[in-house]
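**Q** Construct all of the structure, not just a fragment, from the sequences and the given hints.
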Amino acid sequence: MPNNVSVAELKAKAKELRLHIVQTTFNATSGHVGGSMSSADMLIALYFKYLNVDPANPDWDERDRFIMSKGHCALAYVPCLAMKGYLDLNEVMKNFNKTESAYGMHPDSKKIRGCDASTGSLGHGMPMAVGMALGLRLKNINSKVVCMTGDGECQEGSNWEAAMCASHYKLKNLIWIIDRNHFEIDGNTEDVMSIEPLDKKLDAFGFKVLKCNGNKMEEVDKTLAEAWATEGPVAIISDTVKGFGIKQFEGKATSHYCSFGAEESELNKFLDEVKTREF
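In the numbering used here, the protein residues as written are 949 to 1227.
Treat each hint with caution, since some may be false.
If you anchor each label on the Cβ, the simulated ranges turn out as follows [said to hold, decoys possible]:
1) K1046 to D1009: 29 to 35 Å
2) T1224 to H1116: 23 to 29 Å
3) D1151 to S954: 31 to 37 Å
4) K1170 to I1089: 22 to 28 Å
5) N1161 to N1038: 28 to 34 Å
6) E957 to G1079: 30 to 36 Å
7) K1087 to S1207: 26 to 32 Å
8) N951 to Q1196: 32 to 38 Å
9) W1108 to S954: 35 to 41 Å
10) G1135 to V955: 29 to 35 Å
11) K1058 to L1086: 21 to 27 Å
12) E1039 to G1079: 29 to 35 Å
13) G1199 to K1170: 23 to 29 Å
The list that follows gives simulated cross-link-like pairs (lysine-lysine, DSBU-like), each with its CA atoms no further than 30 Å apart [unchecked claim]:
14) K959 to K1087
15) K1195 to K959
16) K1058 to K963
17) K1159 to K963
18) K1170 to K1118
19) K1159 to K1118
20) K1058 to K1042
21) K1118 to K1156
22) K1223 to K1159
23) K1200 to K959
24) K1032 to K959
25) K1195 to K1170
26) K1217 to K959
27) K963 to K1118
28) K1149 to K1118
29) K1046 to K1058
30) K1059 to K963
31) K1118 to K1148
32) K1120 to K1170
33) K1217 to K1032
34) K1195 to K1046
35) K963 to K1042
36) K1217 to K1200
37) K1170 to K1156
38) K1032 to K1059
39) K1042 to K1223
40) K1148 to K1164
In short, the hints are calculated from the structure, not lab data. In this text, a Cβ means the ideal position worked out from N, Cα and C, and glycines have one as well.
**A** Structure follows, in C-alpha cells:
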C-alpha cells in the first residue's frame, strides 16, 4: 500500500533531488541532465510514496522492484536512492562518475545498494522487468515491478517484444512508465524515429494506458495511485519537459548530455534558479 505522504512533501523532495542533480553534475564535470531533471518527480513519488521497499533490507524478497531502464539517468536515480537511505548522499555527489567509483554514469546493481538491475544499454529494462514479474508469480509474491524507460528508448524493438509477453502472460503486477520528454540525443523523437501514436500502440499490445503531466506532482500522485489499484499490465505515459527545472535547458536536445562549466558562479546560478522556482 502507498505511504501517507502529501503532495507538498513530494514536491519538496523533488526540488531537493533536482538540487542534487545540479550539484552532482558540476562535481562530475558533466552528465545526462535533461532526462534526469524530467524524471525527477516520478522517481520521488515512486520511492517516497508508492514503492514498498526497505533500505535496511534491500534484498527483501517481497519488496517492489524498480528498473531504471534509461540508465544514463543514474544522475537522478542514484541520488534518489541515497535520499531514501540506501547510500551516503555526500559520497554519491562527490564521487559520481569518478574513476573506480561505484557510482558510474550508468547504474551497476552489483555495486549500488538498492539497485535492482544494471542498465544503460537501452531496451533491456522492460525484458528484465517482465522476467522479474514472471519470477514473482512463480514464487506467489504479489509485489509490483515498475520499469521506467525513455521515449527515445521506445524505438528499441526489445521493449515491444517484452510488452507482447507481458500482455500474453497477463502480468497484473507490471507497470511500465515512459518518460515522454520528446527528445533524445539526436533531436526530437518524432524527427529521429516517430513513436506516435504511443497510447494506441500500448493499447494494441494489451496494456491499460494512463497519462499524466509527469512534472506536475498532483497528476503524478493521482496517476500512480490509479496504476497501483489497477490489474496490469499498466503503461503510464508521463509527459514531461526535458531539462525541467532550469529554463536554459528545458525542451532542448542539447540538455541530453551537457556540462555546467567549471565556474562556481554558473553552478550557483542554476542552484538558485531551482531553489526559488515554484514547481
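**Q** Next, verify each hint and record whether it holds.
**A** So, going through the hints one by one against the coordinates:
1. In this structure the hint that K1046 and D1009 lie 29 to 35 Å apart at CB holds, the actual value being about 33 Å.
2. At roughly 50 Å, the beta carbons of T1224 and H1116 sit outside the given window of 23 to 29 Å.
3. The given range of 31 to 37 Å is respected by D1151 and S954, whose C-beta atoms sit roughly 33 Å from each other.
4. For K1170 paired with I1089, a C-beta distance near 27 Å keeps the hint of 22 to 28 Å intact.
5. Here the CB-CB span from N1161 to N1038 is close to 32 Å, well matched to the stated 28 to 34 Å.
6. For E957 paired with G1079, a C-beta distance near 34 Å keeps the hint of 30 to 36 Å intact.
7. Checked against the hint of 26 to 32 Å, the C-beta distance between K1087 and S1207 comes to roughly 45 Å, which is inconsistent with it.
8. Take N951 and Q1196: their Cβ atoms lie about 35 Å apart, and the range 32 to 38 Å holds.
9. Under the hint 35 to 41 Å, the C-beta atoms of W1108 and S954, about 37 Å apart, fit the expected range.
10. Between G1135 and V955 the Cβ separation comes to about 34 Å, which falls inside the hinted range of 29 to 35 Å.
11. With their beta carbons about 24 Å apart, K1058 and L1086 fall inside the hinted range of 21 to 27 Å.
12. Distance hint for E1039 and G1079: a CB-CB separation of about 31 Å, consistent with the stated range 29 to 35 Å.
13. Separation of G1199 from K1170 is about 24 Å and conforms to the stated range, judged on CB atoms against 23 to 29 Å.
14. Our distance criterion of 30 Å between C-alpha atoms is broken by K959 and K1087, whose separation comes to about 36 Å.
15. Under the criterion of a C-alpha separation no larger than 30 Å, the hint pairing K1195 with K959 is consistent with the structure, at around 18 Å.
16. Distance restraint check for K1058 and K963: the Cα-Cα separation of roughly 29 Å lies within the 30 Å cut-off, and the hinted pair is therefore satisfied.
17. Proximity of K1159 to K963 is assessed by CA-CA distance (about 22 Å); at most 30 Å being required, the pair is judged to hold.
18. This hinted pair checks out: K1170 and K1118 have alpha carbons roughly 24 Å apart, not beyond 30 Å.
19. At roughly 21 Å between alpha-carbon atoms, K1159 and K1118 fall within 30 Å of each other, so this suggested pair holds.
20. Restraint check for K1058 and K1042: the C-alpha separation of about 20 Å stays at or below 30 Å, so the hint holds.
21. Distance hint between K1118 and K1156 is fulfilled; the C-alpha atoms sit about 11 Å from each other, no more than 30 Å.
22. Annotation: proposed proximity of K1223 to K1159 holds, straight-line Cα distance about 28 Å (limit 30 Å).
23. Between the alpha carbons of K1200 and K959 the distance comes to roughly 24 Å, so the proposed pair stays at or under 30 Å and holds.
24. For the given pair, K1032 sits about 15 Å from K959 by alpha-carbon distance, which is consistent with the 30 Å threshold.
25. Annotation: proposed proximity of K1195 to K1170 holds, straight-line Cα distance about 26 Å (limit 30 Å).
26. Using a Cα cut-off of 30 Å, the hinted pair K1217 and K959 holds, with the two alpha carbons roughly 21 Å apart.
27. Taken as a hint, the K963 and K1118 pair is broken in the structure, with Cα atoms around 37 Å apart against an allowance of 30 Å.
28. The suggested pairing of K1149 with K1118 holds, with an alpha-carbon distance near 17 Å, which does not exceed 30 Å.
29. A C-alpha spacing of about 17 Å is found between K1046 and K1058, which places the hinted pair at or below 30 Å, so the restraint holds.
30. Note on K1059 and K963: the hinted pairing holds, with a Cα-Cα distance of about 27 Å set against a maximum of 30 Å.
31. For the hint linking K1118 to K1148, the alpha-carbon distance of about 18 Å falls within 30 Å, and the restraint holds.
32. Of the pairs offered as hints, the one joining K1120 and K1170 holds, with about 19 Å between alpha carbons and a cut-off of 30 Å not exceeded.
33. A distance of roughly 27 Å separates the Cα atoms of K1217 and K1032; the hinted pair therefore holds under the 30 Å criterion.
34. For the given pair, K1195 sits about 28 Å from K1046 by alpha-carbon distance, which is consistent with the 30 Å threshold.
35. Using a Cα cut-off of 30 Å, the hinted pair K963 and K1042 holds, with the two alpha carbons roughly 19 Å apart.
36. Note on K1217 and K1200: the hinted pairing holds, with a Cα-Cα distance of about 19 Å set against a maximum of 30 Å.
37. Annotation: proposed proximity of K1170 to K1156 holds, straight-line Cα distance about 16 Å (limit 30 Å).
38. A hinted pair counts as satisfied when its Cα atoms are at most 30 Å apart, and K1032 with K1059 qualifies at roughly 17 Å.
39. Between K1042 and K1223 the alpha-carbon distance is near 20 Å, which keeps this suggested pair within the 30 Å criterion.
40. For the hint pairing K1148 with K1164, the CA-to-CA distance comes to about 23 Å; that is within 30 Å, so the pair holds.
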